[in-house]
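Undergrad: All chains, full assembly: derive it from the sequences and hints.
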Amino acid sequence: MSEAKMNLSPKKKFPYKLKIEPRLNNPSGWFSSMLSFLAVVLALLVGAGIIAMAGGEPWRAYAHIARSSFGSVGVFSDTMVKAIPLMLTGLACTIAFRMRLWNIGAEGQFFIGAWGASLVILAPILPEETPKWIFISVMAIVGMAMGAIYGFVPGFLKAKFNVNEIISTLMLNYIAVEWNNYFIYAKWSEGGFQMTKVFPKNAWLPRLADYAKEIPQFRGLTMHFGLVFAIIAAVVVWLILYKSQWGYEIRLIGDNPKAAEYAGIPIARNIILVMSLSGALAGLAGMSEITGVVHRLQGHISPGYGFTAIIIAWLAKLNPFAVLLVSVLFGALILAGREIQPSGVPTMIQGVIMVFLIASDFFMRYRIYFARRKESKS
Amino acid sequence: MMDQDNRTQECEKNEVCMRGIVKHFPGVLANDHIDFDLRAGEVHALLGENGAGKSTLMNVLAGLYRQDEGVILVNGREVKFNSPRDAIAAGIGMVHQHFMLVPSQSVTENILLGMDEPRFRLNLPYYEAKIAQMAAEFGLHVDPKAKIWQLSVGEQQRVELLKMLYRGAGILIMDEPTAVLAPKEIDDLFNTLRSMTDKGKSIIFISHKLHEVMAISDRVTVLRKGKVTSAGIRIEDTSRTELANLMVGREVIFRIDKKEQEPGDVILSVNNIHAENNKGLNALNGVTLNVRAGEIVGLAGVAGNGQRELADVITGLRKATEGQIIIAGEDITNTPPKVGIRKGVSHIPEDRTHVGTAPNLSVTDNVIMKNYTDEPIGKGWMVNDDAALKYARELKAAFDIIVPTVNTSVRLLSGGNLQKVILAREISKQPELLIAMQPTRGLDVGAIEGVQRLLLLQREAGSAVLLVSEELEELLSLSDRIYVIYEGEIMGEIADGDMEKIGLMMTGMRMEDIRLQGEKSNE
Chain A
11 MSEAKMNLSP KKKFPYKLKI EPRLNNPSGW FSSMLSFLAV VLALLVGAGI IAMAGGEPWR
71 AYAHIARSSF GSVGVFSDTM VKAIPLMLTG LACTIAFRMR LWNIGAEGQF FIGAWGASLV
131 ILAPILPEET PKWIFISVMA IVGMAMGAIY GFVPGFLKAK FNVNEIISTL MLNYIAVEWN
191 NYFIYAKWSE GGFQMTKVFP KNAWLPRLAD YAKEIPQFRG LTMHFGLVFA IIAAVVVWLI
251 LYKSQWGYEI RLIGDNPKAA EYAGIPIARN IILVMSLSGA LAGLAGMSEI TGVVHRLQGH
311 ISPGYGFTAI IIAWLAKLNP FAVLLVSVLF GALILAGREI QPSGVPTMIQ GVIMVFLIAS
371 DFFMRYRIYF ARRKESKS
Chain B
82 MMDQDNRTQE CEKNEVCMRG IVKHFPGVLA NDHIDFDLRA GEVHALLGEN GAGKSTLMNV
142 LAGLYRQDEG VILVNGREVK FNSPRDAIAA GIGMVHQHFM LVPSQSVTEN ILLGMDEPRF
202 RLNLPYYEAK IAQMAAEFGL HVDPKAKIWQ LSVGEQQRVE LLKMLYRGAG ILIMDEPTAV
262 LAPKEIDDLF NTLRSMTDKG KSIIFISHKL HEVMAISDRV TVLRKGKVTS AGIRIEDTSR
322 TELANLMVGR EVIFRIDKKE QEPGDVILSV NNIHAENNKG LNALNGVTLN VRAGEIVGLA
382 GVAGNGQREL ADVITGLRKA TEGQIIIAGE DITNTPPKVG IRKGVSHIPE DRTHVGTAPN
442 LSVTDNVIMK NYTDEPIGKG WMVNDDAALK YARELKAAFD IIVPTVNTSV RLLSGGNLQK
502 VILAREISKQ PELLIAMQPT RGLDVGAIEG VQRLLLLQRE AGSAVLLVSE ELEELLSLSD
562 RIYVIYEGEI MGEIADGDME KIGLMMTGMR MEDIRLQGEK SNE
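For the protein sequence lines, the chains are A and B, in the order given. For the numbering used here, count along the first sequence from 1 and bump the result up by 10. For the numbering used here, count along the second sequence from 1 and bump the result up by 81.
A few of these clues could be false.
Simulated crosslink set (DSS-like; lysine-lysine; CA at most 30 angstroms straight-line) [claimed, not checked]:
{"no.": "1", "chain 1": "B", "residue 1": "K419", "chain 2": "B", "residue 2": "K510"}
{"no.": "2", "chain 1": "B", "residue 1": "K290", "chain 2": "B", "residue 2": "K308"}
{"no.": "3", "chain 1": "B", "residue 1": "K340", "chain 2": "B", "residue 2": "K290"}
{"no.": "4", "chain 1": "B", "residue 1": "K306", "chain 2": "A", "residue 2": "K27"}
{"no.": "5", "chain 1": "A", "residue 1": "K253", "chain 2": "B", "residue 2": "K510"}
{"no.": "6", "chain 1": "B", "residue 1": "K471", "chain 2": "A", "residue 2": "K268"}
{"no.": "7", "chain 1": "B", "residue 1": "K419", "chain 2": "A", "residue 2": "K168"}
{"no.": "8", "chain 1": "B", "residue 1": "K424", "chain 2": "A", "residue 2": "K268"}
{"no.": "9", "chain 1": "B", "residue 1": "K161", "chain 2": "A", "residue 2": "K29"}
{"no.": "10", "chain 1": "A", "residue 1": "K327", "chain 2": "B", "residue 2": "K471"}
{"no.": "11", "chain 1": "B", "residue 1": "K419", "chain 2": "A", "residue 2": "K253"}
{"no.": "12", "chain 1": "B", "residue 1": "K510", "chain 2": "A", "residue 2": "K268"}
{"no.": "13", "chain 1": "B", "residue 1": "K460", "chain 2": "A", "residue 2": "K327"}
{"no.": "14", "chain 1": "B", "residue 1": "K419", "chain 2": "A", "residue 2": "K170"}
{"no.": "15", "chain 1": "A", "residue 1": "K268", "chain 2": "A", "residue 2": "K253"}
{"no.": "16", "chain 1": "B", "residue 1": "K400", "chain 2": "A", "residue 2": "K268"}
{"no.": "17", "chain 1": "B", "residue 1": "K471", "chain 2": "A", "residue 2": "K253"}
Worth flagging that the hints you see were computed from the coordinates, not collected in a lab. Only a predicted model underlies this, so the values are computations on that prediction, with no experimental measurement involved.
TA: Quick look at the structure:
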């Protein structure tokens with residue numbers, strides 16, 4: 011009668027047993043960050059093992075990666091340059107995913123945003139001698155507007171005709187890239203090269219290096235004003251999602267559209283609005299990339315920022331500020347990828363980190379602890 | 082020691098014998114040393130309020146949970162289940178409240194799912210014939226070729242039963258099987274259960290509906306707050322009142338005190354409404370009715386005769402193809418739900434989890450669903466978190482919602498508490514018109530009483546209440562007038578509570594025809 015308990019090894023009576031229980035309340039914020047941190051540390055340890063097995067020297071490899079992305083102010087600034095478009099596209103995904111709108115089209119919206127910004131110079135909408143701040147604001151607005159239109163289209167199709175947004179946004183990505191190609195090959199091509207002419211200096215986003223005269227430490231730093239866009243965007247997205255009535259509607263629709271409809275919330279209108287906002291943020295990312303980094307419209311302006319953004323939004327658990335931090339991490343890995351390219355190590359580490367972070371989600375939902383076995387009565 | 086041995090011996094004769102079952106959940110002792118026996122060929126009811134531990138105990142028996150303490154004997158042999166598969170292998174099958182079927186697949190495919198046979202070639206005709214034969218044997222009428230989505234809830238339940246029978250289950254656990262069924266389907270189910278016990282199957286019937294327990298079971302075990310209050314008493318030796326007492330631990334008043342009062346102006350008037358159901362078929366064919374302030378109007382009818390569609394049309398969730406909905410003098414036909422909500426229409430939906438609440442959001446987020454834009458919770462474009470929390474805490478106290486904090490997700494709430502959340506939201510702002518769909522369905526006796534009292538309070542406060550229910554007793558005791566709906570048409574209106582006439586109209590006879598018949602028989 012007393013042996014009813016389930017033991018892993020009935021003979022050995024270890025006085026404690028492992029218990030797993032679902033959590034009844036959401037764990038606190040610091041727990042979640044702690045968990046993600048530990049997951050990254052563990053992932054790096056596993057990665058070290060793999061590098062060692064492949065005959066490499068893990069600590070030297072890591073040191074090299076760290077040096078090449080965080081080692082000095084210079085490379086950290088480069089890391090941030092990679093992180094900025096990830097932040098903005100990550101925020102674009104975050105707001106859409108909150109409503110369970112699977113916007114896979116941040117990549118396309120990024121390209122169209124870049125195209126919209128170029129339009130201001132190359133159409134031209136503004137003359138080349140326009141003052142810098144007018145140039146930048148108009149380019150940001152047009153870039154966002156174009157991205158918003160590009161998000162509006164799948165949003166409208168979903169709201170009116172229930173077209174699956176995963177398919178439509180994914181397909182629109184290809185159209186966006188080809189649309190850009192048409193302009194850089196045919197319309198705006200400079201001397202037959204697949205790129206436009208360099209934008210006038212007035213249309214460049216300010217970089218830290220621009221202030222090197224006043225502050226010598228900024229010499230050669232490429233980090234640009236896009237970071238300010240990203241931080242403002244994160245605050246705005248946070249305010250919308252967690253403080254506003256609209257954010258409440260978004261969360262309610264995301265959790266149970268039928269309940270939202272029953273509560274009198276117009277779902278179709280919200281689908282269109284959220285998709286447009288999502289597109290606008292991705293468009294802003296495109297604008298900031300071409301005006302802050304490449305200074306012209308060309309092909310290959312994105313190594314898949316819009317797709318990495320999907321993963322970033324998930325790893326950040328759809329928290330806008332966490333999106334900023336995770337983007338820095340991914341920016342570092344993209345940068346390191348160029349440094350140790352032949353070995354493919356950073357890609358492997360990216361993968362391992364991702365697996366660990368996703369697996370760590372288990373601890374958010376379950377509580378695991380050791381409990382003393384009860385003395386069995388006979 | 083002697084006593085224990087005797088009990089063990091007695092235990093071994095039974096089909097199932099559970100002794101000293103203890104099951105903890107975080108913060109709750111769901112089962113506290115429960116003993117339970119099931120004899121061969123009987124229907125044994127397991128009665129108790131929501132959260133009394135019935136489902137937990139049965140989930141332990143069906144291998145879904147593992148007990149912290151205690152033993153289970155099946156046919157005299159001790160068993161340890163690691164999964165439902167083990168339980169099925171031991172002949173124990175459970176039919177859950179929420180069916181576990183694949184909607185796009187056929188009945189046969191669903192039944193074969195997860196079986197070792199057939200291996201490579203899916204010889205469907207062979208298995209279809211086999212299942213049809215089994216269905217006929219037990220009186221479970223269902224077409225083995227039909228796809229699950231085409232079936233009614235009652236038919237789906239039969240598929241679940243067939244699934245268990247096909248796996249050779251001799252012991253069937255039915256978790257509140259009648260909660261989803263129409264009265265006619267309940268009769269069918271009871272006949273089926275009888276034919277199964279005649280063939281030697283044993284059945285555990287989980288319920289909190291006293292009249293059903295009295296009607297179907299041979300013995301009954303009553304649980305209250307995780308403990309057994311009465312073990313295996315024979316149904317002949319007990320009464321409804323006694324069981325109710327054992328269940329809730331206090332005298333339940335079955336009579337309801339309703340104050341006499343004159344109704345006021347017409348608040349809701351439905352004129353010749355036509356509408357389609359989700360499949361595009363006509364569900365409402367010219368419904369006309371009205372509800373005045375300060376009265377409860379009942380809508381009686383067998384489930385699926387257009388009640389849900391009518392509630393949807395009134396609340397703006399479904400388009401009317403013809404006709405008018407007028408609320409307090411204003412035509413709101415085919416306007417968005419928001420218009421009705423602004424006019425003071427509250428709606429207790431039939432489907433609490435899929436329509437009434439957002440499961441992963443907190444209690445707070447769920448109670449502010451309809452007033453998040455109003456002061457003080459809505460502040461400009463923002464939601465005032467403090468005001469929302471305060472409001473939620475007030476409602477939690479006023480409606481006695483049992484939940485650790487108002488930040489808890491509502492998916493963790495029991496059925497009764499979930500209904501309290503919805504009621505709190507819908508009633509607290511004193512609606513002009515309250516559409517209550519099956520407000521007491523699936524609730525325990527104590528909770529039913531609470532809900533009914535709240536509805537009467539609304540009536541006294543001057544709300545117009547349209548009560549849709551399949552419980553005739555409830556309709557009769559609460560309503561001032563009763564309309565009867567049949568196939569999307571109103572058969573007639575009853576003000577004197579004549580149950581016989583209601584019964585006739587529910588089967589499709591019109592008031593005029595009943596009168597004519599009456600006159601004829603008088604001649």
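Undergrad: Against each hint, give a clear statement of whether it holds in the structure.
TA: So, going through the hints one by one against the coordinates:
At most 30 angstroms may separate the alpha-carbon atoms for a hinted pair to count; K419 of chain B and K510 of chain B meet this at roughly 15 angstroms. Using a Cα cut-off of 30 angstroms, the hinted pair K290 of chain B and K308 of chain B holds, with the two alpha carbons roughly 19 angstroms apart. The straight-line distance between the Cα atoms of K340 of chain B and K290 of chain B is roughly 27 angstroms, inside the 30 angstroms bound, and the hint therefore holds. Restraint check for K306 of chain B and K27 of chain A: the C-alpha separation of about 27 angstroms stays at or below 30 angstroms, so the hint holds.
Taking the CA atoms of K253 of chain A and K510 of chain B, the gap is near 24 angstroms; set against the 30 angstroms cutoff, the hint holds. Distance restraint check for K471 of chain B and K268 of chain A: the Cα-Cα separation of roughly 26 angstroms lies within the 30 angstroms cut-off, and the hinted pair is therefore satisfied. Between K419 of chain B and K168 of chain A, the direct Cα distance comes to roughly 22 angstroms. Compliance with the 30 angstroms bound is thereby established for this hinted pair. Among the hinted pairs, K424 of chain B with K268 of chain A is consistent with the structure: their alpha-carbon atoms are about 21 angstroms apart, no more than 30 angstroms.
Distance restraint check for K161 of chain B and K29 of chain A: the Cα-Cα separation of roughly 18 angstroms lies within the 30 angstroms cut-off, and the hinted pair is therefore satisfied. Of the pairs offered as hints, the one joining K327 of chain A and K471 of chain B holds, with about 28 angstroms between alpha carbons and a cut-off of 30 angstroms not exceeded. Taking the CA atoms of K419 of chain B and K253 of chain A, the gap is near 22 angstroms; set against the 30 angstroms cutoff, the hint holds. With a C-alpha separation of about 22 angstroms, the suggested pairing of K510 of chain B with K268 of chain A holds against the 30 angstroms cut-off.
Distance check on the hinted pair: K460 of chain B and K327 of chain A sit about 27 angstroms apart at the alpha-carbon level, within 30 angstroms; holds. A hinted pair counts as satisfied when its Cα atoms are at most 30 angstroms apart, and K419 of chain B with K170 of chain A qualifies at roughly 20 angstroms. Annotation: proposed proximity of K268 of chain A to K253 of chain A holds, straight-line Cα distance about 23 angstroms (limit 30 angstroms). For the proposed pair K400 of chain B and K268 of chain A, the alpha carbon gap of about 16 angstroms is at most 30 angstroms, so the pair holds.
At roughly 16 angstroms between alpha-carbon atoms, K471 of chain B and K253 of chain A fall within 30 angstroms of each other, so this suggested pair holds.
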